[in-house]
Every structure is written in C-alpha cells, then in structure tokens.
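Visitor: Protein chains in written order, with the numbering used here: chain C, 1 to 296; chain U, 1 to 372.
Mixed in with the good hints there might be a few duds.
[Stated by the list, open to error] Here are some chain U residues the structure puts well away from chain C; computed CB gaps all over 10 Å:
| hint | residue |
| --- | --- |
| 1 | Lys37 |
| 2 | Gly58 |
| 3 | Glu80 |
| 4 | Leu81 |
| 5 | Ala92 |
| 6 | Pro106 |
| 7 | Asp139 |
| 8 | Lys161 |
| 9 | Thr162 |
| 10 | Pro229 |
| 11 | Pro248 |
| 12 | Pro282 |
| 13 | Gly298 |
| 14 | Lys353 |
| 15 | Glu362 |
[Said to hold, decoys possible] Cβ pair distances, simulated, as ranges:
| hint | chain 1 | residue 1 | chain 2 | residue 2 | range |
| --- | --- | --- | --- | --- | --- |
| 16 | C | Val111 | U | Asn174 | 40 to 48 Å |
| 17 | C | Ile28 | U | Arg143 | 37 to 45 Å |
| 18 | U | Asn174 | C | Lys7 | 21 to 29 Å |
| 19 | U | Met22 | C | Val120 | 45 to 53 Å |
These are computed hints drawn from the structure, not numbers from a lab.
Don't be surprised by glycine CBs; every beta carbon is placed ideally from N, CA and C.
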Amino acid sequence: MERMSKKAWLYLLPALLLLAAFLVYPLIDVTLYSLEECYNFASQTYQGVGLYNYSYVLHDPYFLQAVENTFVLVVITVPLSTLLALLISTALAAVPKLQQLFQTVYFLPYVTNTLAVGLVFMVLFQRTEYTDGLVNLMLSWFGAGPVDFINGPHWAKMFVLCFYTVWVVLPFKILVLTSALASVDRTYYRAARVDGTSRTRIFFRITLPMIRPMIVYLVITGFIGAFKAYSDAVALFGTDLNAAGMNTIVGYVYDMLYGDSGGYPSYASAAAILLFAIVLTITCINLLVTRRDERA
Amino acid sequence: MDITLNGLTKRFPARGRKAQGMTTAVRDLSFTVPHGKLVGLLGPSGCGKSTTLNMICGLEAPTAGRILFGGQDVTDLPPELRGVGMVFQNYALYPHLSVLQNILFPLENLKGKERPTRAAMRERALEAARLVQIEELLDRRPRELSGGQQQRVAIARALVKTPRVLLLDEPLSNLDARLRLPPRDEICKIQQKTGITTLFVTHDQEEAMSISDLIVVMKDGVLMQQGRPQQVYDDPDSLFVAKFLGTPPINVFAGEVKGGQLYLDGGGARPVLAAPGAPDGPVWAGVRPEGFTPAPDGPLACAVSRVEVLGRDVSIVCAHPACQGGTLRAILRSARQAEAAAAQARFALVPEKTCLFDRRTERRIRTDAPRP
C-alpha cells in the first residue's frame with residue numbers, strides 16, 4: 001500500500017510540477033502583487049501591504065464600466081448562444097443527409113481568426129464617409145434610421161459585441177451538441193414511438209435530459225469564456241476600449257499593465273483577483289445548482 | 001386477439017460500399033399467433049426475426065403483405081394505434097426517470113378523452129408494477145436495478161396501457177446466462193396471468209422451446225416450420241430445423257437408402273435401420289442424442305472417445321467416419337448402460353428418434369415407419 005502510493009505520487013509528479021510552476025505560483029504571486037501598495041515598477045519597491053489596490057480598482061469608473069459590460073455580455077450571450085446551438089443542432093439531427101455540409105458551414109467561424117472576423121464585422125456595421133455599412137443598409141429597407149454601431153450609442157456597441165460573441169462561440173457549441181445528440185441510443189426513440197410520444201415531449205422528456213451533461217458543460221465553459229472576453233472587443237472597437245466605453249475586465253487588467261495609461265501591476269493584479277473571485281463564485285453556484293438537480 | 005401475418009415481406013436497400021439492389025430481410029412470411037398464446041419466433045442471427053417483430057409493432061413498414069390483429073388490418077396504423085406493448089432487447093428504460101415515471105410514461109402520452117386522471121394513471125402504473133412484482137422498487141432509477149428487475153420494469157411499461165399484443169425482442173439475451181432462468185419463468189407466468197397474446201423473438205432454441213406454446217422457426221427471412229415445441233423437435237421438416245433445435249445437437253450421418261434400408265457411409269454392408277417407403281439415394285440421417293441404445297449386436301459400430309458423467313445422465317462421445325464433425329454424442333440414462341455401451345461400442349438406433357433428409361435439398365424424407 002505504502003509503495004503503491006509512492007508510485008502514484010511519482011506518476012503525478014510531472015503534472016503537479018507543471019501546475020505548481022504555471023498555475024499555483026503565478027496565482028500566489030498575483031495575490032501578493034495585489035496587496036503591495038504604491039508599488040514602483042522601476043525600483044521594484046513598495047511602501048506597504050494592504051487592500052488599497054482593491055479599493056482603488058473598485059472605485060475606478062473604468063473598472064465599474066468594464067464589470068458592467070462583462071456582466072451584460074455574459075448574461076446575454078451564454079443563454080442565447082446555448083439555446084441557438086441547441087436549436088440548430090436539433091435541426092441538423094433532423095436532416096441527416098445535409099448534416100455534414102451544414103456542420104462544416106457552421107464550423108467555419110471557429111477556425112477563422114478573431115481579428116479577421118472583426119474586420120468582417122466592421123464592414124457589416126461600421127459607418128464611414130462613403131457608406132453606412134451593410135446592416136444599416138438593411139435597416140433602411142425597413143425605414144429604420146442609420147445607427148452608428150461602432151462609434152455610436154453604448155447599446156448599439158453592446159449589441160454588436162454580443163452578436164459577435166454569440167456568432168463566434170456558436171460553432172463549438174453546435175459541434176458538441178450535435179455529437180451529444182448523435183450519441184443518444186436510438187432505442188429510446190423507438191420505445192417512445194411505440195408509445196406514441198409527441199415530438200415535443202420526446203425532446204423535453206428524453207433528448208434534453210440525455211444530453212444534459214453536455215449542456216451543463218457548455219454553460220459553465222461559456223460563463224468562464226465570456227468572463228474572459230477581451231480580444232473580441234479589441235477586434236471591433238480598437239485598443240482604446242476605455243474611451244469607447246466598451247472595456248471588459250480582462251481588457252482593464254491589460255490596460256493597467258501595458259496600456260497607454262498602464263504600468264500599474266498592483267491595480268492589474270487586484271482586478272485580476274477580483275475577476276478570479278467572480279468566476280470562481282459563479283462556477284461554484286453553477287455546479288451546486290446542477291448537482292442538486294441531479295439528486296432531485 | 002390473434003396476430004395474423006399474411007405474405008409479409010421486407011426489402012431494404014443493400015448496405016455497404018459496393019452493395020447494389022435490395023436485400024430481402026423477410027420473404028413472404030405467413031403465420032398466426034393464436035389468441036392468448038405465448039409464441040417464440042426463433043432463428044439464427046440475421047434471419048429477419050427482429051425485422052418481423054418491428055413490422056408487427058409498427059416501427060417498420062412492410063414492403064408487401066398485411067398484418068392483422070384479430071381480423072383488423074393494422075398494416076398502415078402507427079404503433080400507438082395498434083395497441084402493442086413492446087419490450088426492447090436492452091429494455092430502453094429512460095435512465096433519468098424513476099421506475100414509476102418510466103411506467104407512467106406511456107400513459108402520459110395519451111391525449112384528450114383517452115387521458116386518465118393523474119390518480120388513475122398512478123393506479124394503473126401500480127397495478128402493472130404489482131403484476132411484475134416490483135412495487136418496492138418504484139422510486140429507484142433503472143441503473144440501480146439488476147438486469148432481471150430492469151426487464152420486469154420494461155414489461156410493466158409495455159403492459160400499462162393494457163395492449164392487445166405483447167412483443168418481446170430477445171428478452172433474455174441481455175442477462176447473464178446463469179441468471180436467465182428466473183426471468184424466463186417470470187415472462188411465462190406474467191403471460192399466463194394476463195392471458196395476453198405474446199410474441200417473443202429469440203435465437204436461443206432452449207429459451208423458445210421451454211416457455212412457448214408454439215414456436216416459429218425462421219431462416220434467411222423464410223419460415224421453416226411452426227408448431228408445438230415438442231412436435232417441431234420430434235418431427236422436423238428440414239435438416240436446418242433438426243440441427244437448430246436441441247442441446248446437445250442432433251447427430252448427422254452421411255448415408256444412403258437402398259431397398260428400404262438405411263446404410264451409413266463407411267459403415268459396411270449392414271443396414272443400421274429400416275426405412276420403409278424411402279426412395280433410394282444418398283441421405284442425411286439425423287439421430288437425436290437420446291436415439292441410441294447400447295446393444296451387443298447393434299448395427300452401428302464406433303470407437304468410444306470418452307464418457308461424460310453429467311449426474312442426471314451420461315453422455316458418450318464416439319468417433320464415426322460418417323458423422324458430421326467426426327464424432328457423435330449419445331445420451332444414456334444410467335451409468336450402467338453407459339458402461340455397457342463403452343465396452344461394446346455398438347448401438348441400435350431408435351426409429352422415432354431418427355430422421356432422414358434428402359442429401360441435396362435437405363428436406364425431410366418421410367418413411368412409412370409408424371411414429372408416436
């Protein structure tokens with residue numbers, strides 16, 4: 001037994017070393033940074049230890065704006081993209097002959113570079129001196145006035161960001177759900193047919209519970225992914241996100257480190273720790289809720 | 001409610017990369033499951049028996065032929081309007097629902113006037129559960145049940161709508177061989193209690209023989225023979241049926257009929273059995289293991305390889321050149337008989353346990369010898 005456990009630790013060692021070096025150590029380091037007050041980047045000295053950095057970040061209007069943006073993004077895109085993916089993959093499962101083709105089509109955004117996609121969205125949404133953009137052109141058919149989606153009102157910009165995020169995360173979710181749907185044993189559907197079960201009932205009482213673990217997985221990773229959003233906003237609104245009012249928490253961290261007004265690793269660390277706390281809390285709540293449901 | 005199949009045929013597009021045309025899974029199948037009987041549909045894997053069951057159930061549409069339930073043509077009806085209960089090979093119990101919810105499921109599908117009240121549904125589900133004796137398991141999930149218990153739940157779910165016909169697809173093949181006996185008896189008991197017309201599919205001849213009122217033997221989508229199990233066993237129409245039924249299997253010898261006498265190949269000039277009325281020509285002679293009697297001057301001589309004592313009876317394995325596989329297996333009732341047989345290595349054949357088949361067509365050759 002003793003020998004066995006030694007062997008087990010030996011097998012675990014490489015993973016533990018890597019985790020310690022690249023996960024545990026940075027986490028501790030960032031926590032320490034976030035507690036060092038008035039840290040000087042040049043001299044690498046600090047004047048005290050305390051929670052001032054957190055207080056500063058929590059009172060920074062840019063950070064609050066970033067938190068608000070991130071939460072809006074999460075609350076809108078995670079449920080929306082999961083629902084859409086469920087709808088599309090269910091529809092795909094109903095047309096087995098075209099499934100391959102559509103799967104490829106839907107998967108294209110996943111393999112396309114974020115910045116390239118951002119450019120495409122600029123063409124769709126941005127107003128220039130020569131054109132109002134494709135979307136505004138379409139809006140004009142319905143008599144709706146041109147909206148400046150890139151430099152205009154906050155809600156318009158938020159709409160573009162959410163639209164973009166949903167569009168980018170959709171392929172992966174469709175892929176996961178399509179394979180989840182395909183892995184449901186056909187016999188359940190046959191049994192349901194013998195009993196004359198309606199399609200809606202089959203979907204809600206059989207299909208949905210069967211693929212539930214995959215949906216939970218998608219929602220949790222979706223939450224985490226949306227909280228970490230940054231590059232999408234940059235692709236759409238440029239690097240000065242604070243000025244555009246479209247910053248995200250990760251964007252705020254980046255700006256504090258390397259941005260034009262950057263050079264404040266302590267503030268960046270405090271913001272990063274706050275983000276970590278938020279994501280951790282929400283993931284725990286997610287897991288608790290799903291676990292409780294499973295037991296019920 | 002009897003089930004009548006009339007010229008039932010099912011063709012599929014052939015599968016595989018180079019496949020062309022159609023595969024016929026079931027060809028011109030006609031038989032009747034009499035009201036209130038338990039009928040076993042028996043055949044080797046891929047003989048079309050499951051396809052037949054699916055067509056009766058309504059999951060697959062036949063290419064040709066009709067299906068009648070008690071005179072009513074149900075061929076074009078969807079499954080839920082046929083009044084069938086089906087038990088699938090893997091039971092198809094919904095894993096996320098409790099046993100009670102599983103049994104309630106078919107009732108909850110009912111719409112409009114047919115839909116019972118919540119309390120009535122529960123009452124019917126409990127009744128079905130009582131019938132298969134799983135009342136104490138109602139709150140469990142399927143994965144917390146043994147295979148036999150899962151099967152009972154599946155039967156309860158199939159019976160809860162009080163169908164006219166119960167269909168079971170390989171009901172025992174998912175169970176460990178040693179654990180099959182109790183569920184087998186259970187199926188038989190439930191069928192007798194409810195008196196519901198039941199058709200079950202199996203590839204296990206012992207299973208079919210032991211509980212069926214009637215068996216229907218299929219091969220390559222074609223009906224080979226039907227009848228009471230003992231009758232089909234004793235009086236097979238073809239070599240296939242003779243070989244398919246019975247454990248240990250029938251011993252098949254290459255032989256020849258000359259002048260109303262059966263001679264075995266390599267057995268010398270002495271006939272082993274009288275075959276009055278059989279035309280001259282090469283034949284297969286099938287002898288059931290219990291069809292050998294040790295006799296000091298018996299016509300069948302062979303070399304004894306080994307004696308297997310099984311407790312209830314004794315089986316003797318002997319080498320004989322004319323026998324398919326080179327060895328024959330005789331089952332004798334007592335050890336004393338076996339000792340005598342081992343010493344003499346000579347047997348006489350019991351006429352009613354011996355059947356002759358045409359060598360080419362493998363169809364049965366009826367002799368004029370009296371049969372029981």
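Visitor: Report the numbers of all earlier hints that the structure fails to satisfy, in ascending order.
Guide: Those not satisfied are hints 2, 3, 4, 5, 6, 8, 18.
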